[in-house]
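Residue numbers (the numbering used here), protein chains in the order written: chain A, 1 to 102; chain B, 1 to 632.
Just so you know, these hints were derived from the structure itself, not from any lab. Even for Gly, the Cβ is constructed at its ideal location relative to N, Cα and C. Any given hint could turn out to be false.
Covered by chain A, per the in silico footprint, the following chain B stretches (three or more residues, Cβ under 8 Å) [claimed, not checked]: (1) 596-605; (2) 608-614.
Examples of chain A residues toward chain B, derived with CB under 10 Å [unchecked claim]: (3) L19; (4) A22; (5) L23; (6) T24; (7) K25; (8) R26; (9) V31; (10) V94; (11) R95; (12) Q97; (13) D98; (14) L99; (15) M100; (16) K101.
In silico BS3-like pairs for lysine-lysine, Cα to Cα no more than 30 Å straight-line [said to hold, decoys possible]: (17) K110/B to K167/B; (18) K25/A to K599/B; (19) K599/B to K101/A; (20) K529/B to K449/B; (21) K159/B to K449/B; (22) K563/B to K159/B.
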Amino acid sequence: MLSVEQFLTLAAILFCIGLYGALTKRNIIIVLVSIELMLNAVNINLLTFARFGLMPSIDGQIFTLFAMTVAAAEVAVGLAILIALYRNRNTSDVRDQDLMKW
Amino acid sequence: MVEYAWLVPLFPLVAYMLLFVLGRRAQEGIVTAISVLAALSSFVVALLILSDVNANGPSEPYAFHWLTIGNLTLSMGFEVTALNAMMLTVVTFVATLVLLFSKGYMHGDKRYPVFYQYLNLFIFSMLGLVISPNLLQVYIFWELVGLCSFLLVGFWYFKPQAAAAAKKAFIVTRIGDVGLFIGIILLFVATGTFEYTGIFEAIEAKQFAIDWISPEAFITLVAILIFIGAMGKSAQFPLHTWLPDAMEGPTPVSALIHAATMVAAGVYLVARSFPIFEASPDALTVVGIIGGITAIFAALIGLTQNDIKRVVAYSTVSQLGYMVMALGVSAYTASVFHLMTHAFFKALLFLAAGSIIHALHHEQDIRRMGGLWKKMPVTGWTFLIGALALSGIPPFAGFWSKDEILLGAYESGNMFLFGLAVAAAFCTAFYIFRVFFMAFTGEFRGEQKYFDHAHESGPVMTIPLVLLAIMATVSGLFNAPFLGHAFEHFLNNGGVVGLIHEPSMFIMGLSTVIALLGIGLAYLMYKSKTINPERVANALRPLYNLSLNKFYVDELYHYVIVKPVVWIGHLLNFIDKWIVDGIVHLFGQGALVGSLGLKYSQNGQVQTYGLITLLGAVILLGAALFTIGGVQ
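All chains should be built: construct the whole structure from the sequences, respecting the hints.
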């Protein structure tokens with residue numbers, strides 16, 4: 001039986017990898033994937049506490065399902081924006097997306 | 001009738017509002033008709049009130065609640081006593097005639113309707129001041145009077161001297177007003193009321209809610225503070241300098257200021273609050289000495305002035321000194337009596353002077369007048385009557401009132417004041433007859449064409465002169481000893497105020513002889529030329545220069561007060577401009593420069609933002625952990 005610390009450590013490691021990727025990778029698709037990674041780390045946390053928390057219940061699992069559904073929708077929208085960006089500016093480098101500056 | 005006393009100031013106020021609505025292009029005739037009718041209505045009401053008070057004695061104050069702040073209620077209202085019934089009548093009488101006279105004098109002025117607006121507001125303010133039953137209301141009207149005098153003295157504001165004179169009048173009287181205001185507030189703090197009646201009761205009982213000063217000292221302090229206000233308004237030494245300068249205004253304004261409204265306010269205030277002064281012998285001494293000094297000081301300056309209006313102006317200052325001195329020696333009745341007679345003969349002298357000035361195309365220098373008697377008989381006669389009244393020749397008005405003041409000074413035992421008063425009486429007779437002889441007799445010394453043009457003024461100007469001349473002749477008889485001191489009985493109806501002395505033939509004789517001596521000297525110097533005025537002036541050159549230059553008081557003020565104040569003003573301006581503004585600008589510029597630098601951090605790189613957000617979150621989290629104690 002795995003302990004709660006192990007689950008949380010896994011989630012933390014996943015989150016940090018995701019964060020690192022989101023802040024450093026140049027390709028927008030990788031950034032998007034990294035964000036999904038962080039999202040899934042959060043999902044693991046939710047499941048862990050739904051199972052081992054102070055008040056174990058099914059709410060955490062339901063919430064995770066919701067998050068996955070929303071993430072799927074979000075990926076669809078995100079990819080659509082990416083394609084639009086690529087068509088317009090002919091680049092997928094995150095550093096080139098700097099129109100919102102002074 | 002007394003309960004309708006509020007009508008008296010109401011008429012001029014309504015006239016003012018009507019003229020205000022009619023605007024600047026109103027017909028001269030309509031403007032004059034409205035104003036004169038309003039003032040005349042006030043005069044009629046005032047006369048009815050006077051007869052009512054004469055028959056039934058003074059009334060209780062009528063008051064209504066004006067403001068309630070916490071458990072403090074301020075009231076407004078009006079009251080009619082013998083003193084202010086008399087004042088109402090005199091003010092409305094003189095005002096009516098001045099309004100009429102102005103029709104001739106101001107004819108053709110571009111701002112004719114505005115002039116009448118100001119005059120009406122002025123009259124309203126003075127009447128309001130007179131019927132006020134409490135000091136707060138007095139102060140409000142007091143300032144209104146000051147404002148109107150500013151507007152009227154500066155009526156010809158395009159003349160730089162007039163603009164300067166208006167400012168001077170406003171600022172110098174304001175110095176006095178500050179004293180008055182402090183006095184009123186102190187009285188309020190000590191007695192909890194602004195009402196005359198309440199204050200007088202507290203003064204009598206010597207019960208004050210103030211413990212940092214003894215009751216006697218407090219009364220003296222308050223009396224002197226109130227007197228400082230009166231000094232400003234009534235042009236007492238050393239705050240007299242504004243009044244002669246106020247001559248830059250149109251002559252009817254001078255007549256109004258000098259006779260009935262502005263300067264009378266100061267004497268009136270002291271007379272009205274006389275119980276406060278009576279309770280403090282020290283304050284009375286101060287009042288008496290200031291009055292005496294003013295009387296002789298202004299009379300000495302009057303001896304050598306060459307501007308006809310300035311001579312009359314200094315005579316006003318001098319006569320006001322008499323009134324104040326009379327109050328100082330507790331000759332209350334004499335002072336108020338002189339206030340009344342002076343209002344008539346001084347308005348007369350000013351309007352007569354205005355008539356001369358008008359006829360000579362605004363020539364005011366008596367050295368360029370002469371021989372006007374034949375050209376302007378009515379003006380000449382009325383001026384002569386005014387001059388005789390001012391000199392104190394029986395049976396003209398000034399004789400009776402001045403005589404009572406001299407008597408009061410004599411009986412008070414203060415021979416210094418008595419001497420000052422007698423000397424001032426001599427000077428008064430001399431300088432006014434100097435003007436008379438120089439203007440009306442001898443050869444005309446100005447340009448011949450002006451003399452050829454000169455003619456008697458029209459009826460709108462001569463009728464007021466004649467009416468005032470009649471009053472200047474008979475108004476003294478109101479209190480003549482052989483007619484039973486009618487005025488004295490009237491004034492002291494509600495209880496005797498001040499001291500009343502038995503008439504003395506010695507004083508009467510003395511004052512007449514002194515006045516005749518003054519007139520005689522003026523005759524010898526300026527009519528028969530037995531004594532050459534030039535030689536006298538040369539012989540007494542330093543004294544002559546001192547008098548001609550008004551004892552250098554203006555210059556003294558200029559160097560001792562005006563210059564340092566201007567210098568301090570420059571200093572403060574510097575501090576304000578460079579230090580206060582500098583600090584404000586420092587912050588403004590700092591914010592601007594800071595944001596100019598910060599804007600470059602907005603580089604649009606979403607990953608940089610994310611990193612900074614992360615760092616921020618980590619710092620916040622760390623700080624939270626440390627403060628809560630999660631990290632040992």
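Where does the structure disagree with the numbered hints, that is, which hint numbers, in rising order? none
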